Structure formats: structure tokens, C-alpha cells
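Peer 1: Residue numbers (numbering that gives the first Met the number 0), protein chains in the order written: chain A, 0 to 293; chain B, 0 to 468.
Worth double-checking, as some hints may not be accurate.
What the hints assert, rightly or not - Only pairs whose alpha carbons sit at most 16 angstroms apart, straight line, appear in this in silico EDC-like list of lysine to aspartate or glutamate:
#	chain 1	residue 1	chain 2	residue 2
1	B	LYS98	A	ASP45
2	B	LYS82	B	ASP68
3	B	LYS349	A	ASP45
4	B	LYS420	A	ASP45
5	B	LYS420	A	GLU46
6	A	LYS53	B	ASP68
7	B	LYS278	A	GLU139
Said to hold, decoys possible - If you want the footprint, here are the derived chain B segments under chain A, 3+ residues with CB under 8 angstroms:
#	region
8	271-283
9	321-330
Please keep in mind that the hints were generated in silico from the structure rather than gathered at the bench.
These numbers were taken from a predicted model, which means no experiment stands behind them.
C-beta: ideal position from N, C-alpha, C; glycine also.
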Amino acid sequence: MTLKQRRILFILACLLPGIALFVMFKVYPTVQIFHKSLYLWTGLSDEPRFIGLKNYADMFRDDVFLLALRNTGLLMLIVPVFTLLIALVNAAILAKSRLRERALYRTVFFFPSILSFVVIAILWSFIYHPTMGFLNSGLELLGLGEWALPWLGDQRTVLWALAVTLIWQAAGYYMVMYMAGIDSISPDLYEAADIDGATRIQQFFRITVPMLWEIIRVTLIFSINGVLSISFIIVSIMTGGGPNRHSEVVMTYLYTQAFTNANFGYAMAIGVFIFIVSMALALISNKLTDRGSY
Amino acid sequence: MKTSRKASLITVALALTLTACAGNDNTPGAGKPTEPDAPGNATGAEQAFDNPELNIAVFQGGYGREYWDSVAEAFMAANPGTKINITASPKIAEMVRPKIVAGNPPDFMYISGSDNTPILDGLIKDQALLDLTDIFDGPASDGEGPLRDKILPGVLESRSSSPYGDGKIYLAPYNFGVMGLWYNKTLFDEQGIEPPRTWDAFFALNETAAAQDRALFTYQGLYPGYLEEMLVPAVYSVGGQEALDQLFNYDPAFWSSESFTQAWGILERIAQEDNALMKGTVALNHTQSQTSFLQGEAMFIPNGTWFEDEMKDAPREDGFQFGFLGVPAFGEDKDVMALSNVEQMVIPAKAKNPELAKAFLRFLYTEESVQLNAEKAKGVLAVVGAPDLVKEHISETTYNIYKAVDSGMATINGGFGPVAKGSKYNPSDEVYKPISSIMSKQLSLEEYSANLTKIYTDIRAELETAGAE
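The task is simple: from the sequences and hints, build the whole structure.
Peer 2: Here it is in C-alpha cells:
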């Protein structure tokens with residue numbers, strides 16, 4: 000055996016445990032999801048019945064699923080846009096201004112990211128509490144009592160109320176990422192712009208945003224996928240999908256179908272659908288934001 | 000225990016974030032296995048079991064697990080040579096699910112708690128439960144007469160025990176709870192308010208409520224499922240068992256019947272009358288609304304016998320005292336009623352040791368066991384006379400409720416029949432969830448009944464297709 004062959008053998012031997020674990024815990028379950036989505040299965044019996052693509056066909060005739068999909072879509076549209084916008088503006092202000100409290104603000108804004116989602120959800124349930132909540136009491140204090148709504152109990156406001164929670168939760172996290180990015184932009188650029196008489200706003204659009212573009216692209220995908228997974232916890236705790244399913248999201252619906260309605264196969268079909276959609280969204284947003292490198 | 004959908008949602012989320020912490024409370028055998036050749040005592044085993052080992056899985060909720068530990072010990076003492084392994088957990092469904100899928104379920108399961116009971120629905124859909132009818136037709140372990148006679152009347156015939164409606168029992172009853180409307184007894188006594196016996200009297204109290212600076216009614220807004228506690232008895236009050244059967248067996252005609260119009264009419268009236276519904280109710284979860292009730296912001300709230308225990312640490316107005324009303328009737332000539340709910344125990348069809356599981360189940364209805372249950376779990380088994388055995392362990396209010404039922408207060412017990420396997424509909428969600436929108440006046444009863452007529456027609460059609468296959 001040549002030295003080269005032995006080396007290859009050694010490398011393979013080293014890779015094997017990792018690959019085995021990866022296949023066992025990632026690839027196999029994923030394949031199983033695709034596989035089980037083709038069956039009528041309660042998730043309990045050991046005799047799933049093959050029904051082909053019926054689960055997928057049913058999905059588009061299921062009003063509740065379509066409503067959940069619409070709600071999720073709305074959240075995936077609003078939340079990343081506002082989160083990243085707020086994060087970016089805050090980061091630019093904090094990084095470029097000479098505020099003394101800079102470190103304090105950075106910590107305060109980052110705070111939600113280290114809280115557990117469950118805590119955040121409970122916290123916001125009380126902020127939105129219709130009578131003694133911070134929001135409605137605040138409105139009453141300002142004499143705007145007639146604007147006070149049962150935010151989480153009204154089908155017109157519930158999704159927006161949840162969106163605010165999601166944005167609040169994530170903005171600080173992305174802000175810190177952007178601040179790190181801004182710090183790595185050469186100060187020379189800003190200095191040169193200053194000399195040429197560019198305003199702060201021009202600097203933001205002409206220097207900060209282009210230089211951060213690659214980071215923004217990545218955070219956009221993170222944020223879209225984050226909405227998908229975090230919305231499950233937030234919705235489960237804050238509204239339970241109510242009122243009358245107006246805050247049901249695909250993940251909560253998937254969970255209900257799998258574990259309370261004993262429709263495991265159908266739930267897996269929903270899972271596959273979400274998988275495909277989020278992959279597609281990631282690709283699309285990647286393509287749309289592709290400007291070549293600066 | 001239906002200790003309610005309450006913590007359930009939070010625990011769901013917690014479980015997902017903290018999966019790693021999901022404690023596995025798998026304690027092998029509560030007591031030591033009795034010596035196989037222990038000197039036979041008088042009460043000892045007359046039976047020898049081929050397989051002396053029994054694996055049971057029990058829900059560990061508000062009632063704890065001490066009862067199961069001690070009843071297992073008592074059973075092993077009475078049947079020398081047997082050995083019972085107990086798995087107990089608040090998330091028992093999650094723990095037994097993989098075993099069931101692998102075709103190796105526990106021999107006996109007590110499943111309760113809203114996180115867990117859906118697994119029973121799955122097993123019912125799969126026809127994966129053992130027929131227990133012979134146990135209840137057979138003699139009781141102690142005393143004479145068939146075991147059936149010891150169980151509270153009506154329970155074994157209801158959906159919660161006989162899910163397919165064919166008289167065969169697949170789910171054995173354990174503790175039972177009673178649900179209805181609650182009020183502040185001190186307030187009613189001091190102000191000389193008479194608890195309303197009819198819905199008209201109920202609405203007439205709205206003025207009194209306003210005078211007391213409180214709303215007439217509140218409920219667990221985010222979880223409108225609690226409203227079944229008044230809707231089901233209301234339906235019964237109008238249309239009797241026939242109407243309930245329509246509701247629970249998916250007769251689309253129910254949604255245009257008088258029973259529907261009257262029962263759901265209560266909701267519409269609550270939604271529309273001034274001061275009837277506590278402000279913000281629709282946005283409150285169960286704890287928030289129940290706290291508001293205790294603090295005197297609303298006069299009535301629906302809930303079950305677990306109410307006092309559930310809210311024991313919550314703040315309340317001065318002198319608050321729990322008072323249980325039940326559910327008012329339509330018309331003077333009818334009685335106040337209540338909804339009852341029974342926890343369930345099952346033996347999976349694929350249990351490895353069904354004989355011993357059956358013997359164990361029979362043992363659970365003995366006086367000794369009922370007594371143990373009262374002592375250790377403070378629970379009231381669904382057997383005749385159980386309330387008196389727990390009297391010293393539960394509060395007076397709770398005892399009085401049970402006693403009222405035991406001595407003949409009409410209780411309604413019912414649940415939705417199984418839907419076809421693979422159906423996307425979850426009947427109780429379809430029926431109760433839209434009530435949020437009725438309560439916030441964003442959905443009219445006409446639209447609601449049209450939707451549900453369609454859904455019931457669909458469910459029926461699915462059942463027929465499934466039956467034809």
C-alpha cells in the first residue's frame with residue numbers, strides 16, 4: 000500500500016463517524032419526512048397506508064391551511080423588512096455617532112436576543128393585556144382610550160401585534176451584526192466622503208449599505224427562516240392561533256395536525272411544502288439581492 | 000384531569016425549546032416485587048398469571064403519582080408474584096408514542112391532560128384499543144353484582160367510554176370533574192342575589208352586575224373551547240339527548256335547529272348586550288380571565304371542579320368565596336345542569352399482557368383503591384359514592400358539587416364522535432374556535448351556521464367514504 004492510499008484510508012476512517020451520525024440524524028429523518036408525506040398515517044399505528052400525493056392535493060383544498068399560509072406569508076414579508084430596516088438604521092446611528100451611552104444602547108437593544116422566546120411571548124401577552132396592559136393603559140393615559148383595542152383578540156390586529164413582537168425580538172440581534180460590519184468598514188471612506196461634503200444620509204446609502212450588502216443578504220435569509228420557526232412559539236403562547244384562526248401559522252397548524260389531529264402523513268406533507276417554500280424563498284432573495292461584489 | 004388547555008400551550012413551547020430537559024421519569028416498579036412464593040394470605044391471588052409483569056404508563060398531573068405507586072403496591076400485595084413497572088410523566092403521550100409506533104405499547108395507560116389526550120383520539124381512529132366491555136359486565140373485584148353497577152350512571156354509555164357509539168367500552172373511567180358557571184358566593188349572599196336558574200334570570204342579573212361595577216360574564220377568551228361547559232348543557236336543555244346526538248354525530252341539520260339558535264343565541268346576546276361581556280375578554284388567556292373574575296370584574300365564568308386548586312395562588316377581591324351554579328336552563332320547568340368530564344384509562348389492543356392489565360383495571364374500582372385515590376390524589380373516581388370517601392381531602396365547595404351530582408343533579412357527558420381517518424377537521428376546534436369572532440361581533444350566527452353546516456356535511460361524507468373502503 001502506497002503512502003497515498005494509506006492516507007486516503009485514514010481520512011476516510013476519520014470521516015466515517017461524522018458521516019454516519021449526519022446520515023442517521025439529518026439525512027434519514029429528512030428522507031423519512033418525504034416518504035411519510037405520501038401516506039395516510041395517524042403517527043401511531045405501524046401500518047401507514049400509501050395514498051400517493053393525496054396529502055399534497057388536500058393541502059390546497061384545506062381552508063385553514065391556506066389561511067395559515069397567508070398569515071405566515073404576511074409575517075415573512077413584514078417582519079424581515081422592518082427588522083432589518085430598524086436594525087440597519089440603529090446600527091448606523093450607534094456606530095457613527097459619538098454618543099456616550101453607545102455601549103448601553105447596544106446592550107439594551109441586544110437584550111431581547113438573550114431572553115427565551117417563551118419569556119418574550121409571556122411578556123408581550125401582558126403588554127397587550129386589554130385592560131391592565133402597558134399599551135392600552137398608555138393610550139388611556141394619553142387620552143386615546145378609544146384607540147385601545149383587545150389587540151390579540153381582534154382578528155384585524157392580531158397579526159400586526161405578533162409582528163411587532165417578532166420585530167422587537169430580532170432587531171437587536173441583527174443590529175449587533177451590522178455594527179460589527181460597520182466597524183470593519185475603513186474609516187478612510189467616511190473621511191473622504193466628509194471632505195467631499197457628503198451628508199450623513201448620503202454616506203449611509205453610498206457607503207454603509209453597499210459595504211454591508213453581503214451581510215444584509217445573509218441576514219435576510221436568516222430573518223425569513225427565523226420568522227418561520229419563532230412564530231410557532233410566539234403564536235402558541237400568545238394567541239393559540241386565535242381568534243378564530245386568524246393568527247394560525249403553518250408551523251402551529253402542522254403541529255396540530257400531527258399531534259392533536261393524528262394526521263401525521265398530512266403534517267409531513269405540510270412540512271415538505273414549507274421546506275420547499277423556504278428553500279425557494281432563500282434562493283429568490285439571494286438572486287434578487289445579488290449585485291455582484293463591491 | 001382536564002387541568003385545562005392552560006399550561007399546555009406553554010409547555011408545548013417549553014418542550015420545544017428545552018427538549019433536552021424533558022425529564023424521563025421512568026421509575027422501575029413502585030414497590031419491590033413480591034416474593035414469588037410469599038406465604039399465601041387469605042385475600043391473596045387466586046389467579047396465577049402466565050406473564051407476571053405489567054408495564055403501565057400514567058399521566059402525572061395535578062393528581063400526582065402517589066396514588067399509582069400505592070395502588071400498584073396494593074395490587075402486588077394482593078397478587079403475589081406480579082410486578083408492576085410504572086412510567087409516569089406530565090407528558091406521557093410523548094413518552095409512549097414511540098413505543099406505540101414500534102408496536103410495543105405499555106399494557107395499561109392512564110392518559111389525561113390536554114397535551115396528552117389527542118393520542119387517545121389517534122388510537123380510537125386506528126381502532127387500536129382493547130375492548131373492555133367484559134370487564135364491566137363481569138363481577139366487581141369486591142362486593143357483588145357486575146362492575147358496571149358501581150360506575151356513575153351514564154358514564155359507560157357516553158362517548159368518553161364508548162367512542163364508536165356501539166355500546167362497547169374501550170375507555171375505562173377514572174376521576175371525574177364537573178363543569179359549569181361559577182360566581183362569588185360572598186357577593187351573592189351579602190347582596191341577597193339569587194343564583195339564576197334560567198337563562199332569562201341570568202340576563203336579568205346584568206343590571207345588578209352593572210350596579211356592582213362588574214360585567215355579567217367572562218370566559219377564557221383565547222380558548223373558547225371552555226364555552227362547551229355551558230353550550231353542551233344548553234343544547235341539552237333545549238333539544239334533549241336527540242339534539243346532543245345531532246351535534247356530536249355530525250348531523251348538518253343541527254346547525255339550523257332550534258337547539259342551535261337558542262344555545263348559541265346566549266353567546267350572541269352576551270356579545271351584544273351592554274356590560275354583558277367583560278371588556279377585553281377575547282384577548283385574555285385562561286389565567287388572565289380567571290384572575291379578573293376572582294378580582295370581581297365579572298360576575299360569572301365557566302370552569303370545572305379543578306378551579307379552586309388551579310387558582311389557589313391568584314389574587315382575589317376581599318371575601319371572595321367560590322360558588323358553583325351549574326348551567327341555567329331554558330324555562331322555569333327545567334333544572335340547572337352541569338357538564339361532566341371523565342378521565343380515561345385504556346389497554347392498547349397490542350398490549351403484551353392484557354390479562355394482567357384487565358385484572359389491574361378491575362382492581363382500580365375496589366373500595367381500597369377508591370380510598371387510596373381519595374387520600375393520595377384527592378381525586379374522585381367515577382364510581383357511586385366516591386365523593387363521601389374524599390370528603391375530608393377536598394374543599395367544601397368541591398365536595399358539595401360532587402355530592403350534588405352524586406345525589407342526582409343532571410350532568411351531561413358527551414363528546415364528538417371520531418372523524419374519518421385522515422380528515423383535516425378537528426370537530427371541537429371547528430365548533431368552538433370561531434366563537435371568538437362571534438364574541439367580537441365580527442361573525443354573525445348565520446355565517447357561522449352556514450360554515451358549520453358545510454363542515455358537518457364534509458365530515459359526514461368523509462366518514463361514508465371511509466366506511467365504504
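Peer 1: Are three or more residues of the region 271-283 of chain B within 8 angstroms, CB to CB, of chain A?
Peer 2: holds (count 6)
Peer 1: Between the alpha carbons of LYS53(A) and ASP68(B), is the straight-line distance 16 angstroms or under?
Peer 2: violated, 47 angstroms
Peer 1: Does the structure keep LYS278(B) and GLU139(A) at a Cα separation of 16 angstroms or less?
Peer 2: holds, 14 angstroms
Peer 1: Are the Cα atoms of LYS349(B) and ASP45(A) separated by 16 angstroms or less?
Peer 2: Cα-Cα ~11 angstroms, so holds.
Peer 1: For the pair supplied as a hint, LYS420(B) and GLU46(A), confirm whether the alpha-carbon distance does not exceed 16 angstroms.
Peer 2: Roughly 13 angstroms between the alpha carbons, so the hint for LYS420(B) and GLU46(A) holds.
Peer 1: Quick check: do three or more residues in the region 321-330 of chain B have a beta carbon closer than 8 angstroms to a beta carbon of chain A?
Peer 2: violated (count 0)
Peer 1: Take the C-alpha atoms of LYS82(B) and ASP68(B), compute the straight-line distance between them, and say whether it is at most 16 angstroms.
Peer 2: holds, 12 angstroms
Peer 1: Given the proposed pairing of LYS420(B) with ASP45(A), does the C-alpha separation stay at or below 16 angstroms?
Peer 2: Given that 16 angstroms is the threshold and the Cα spacing comes to 14 angstroms, the pair holds.
Peer 1: Are LYS98(B) and ASP45(A) close enough, with their CA atoms no more than 16 angstroms apart?
Peer 2: Holds, because 10 angstroms separates the two Cα atoms, which is no more than 16 angstroms.
This entry does not satisfy hints 6, 9, going by the numbered hints stated previously.
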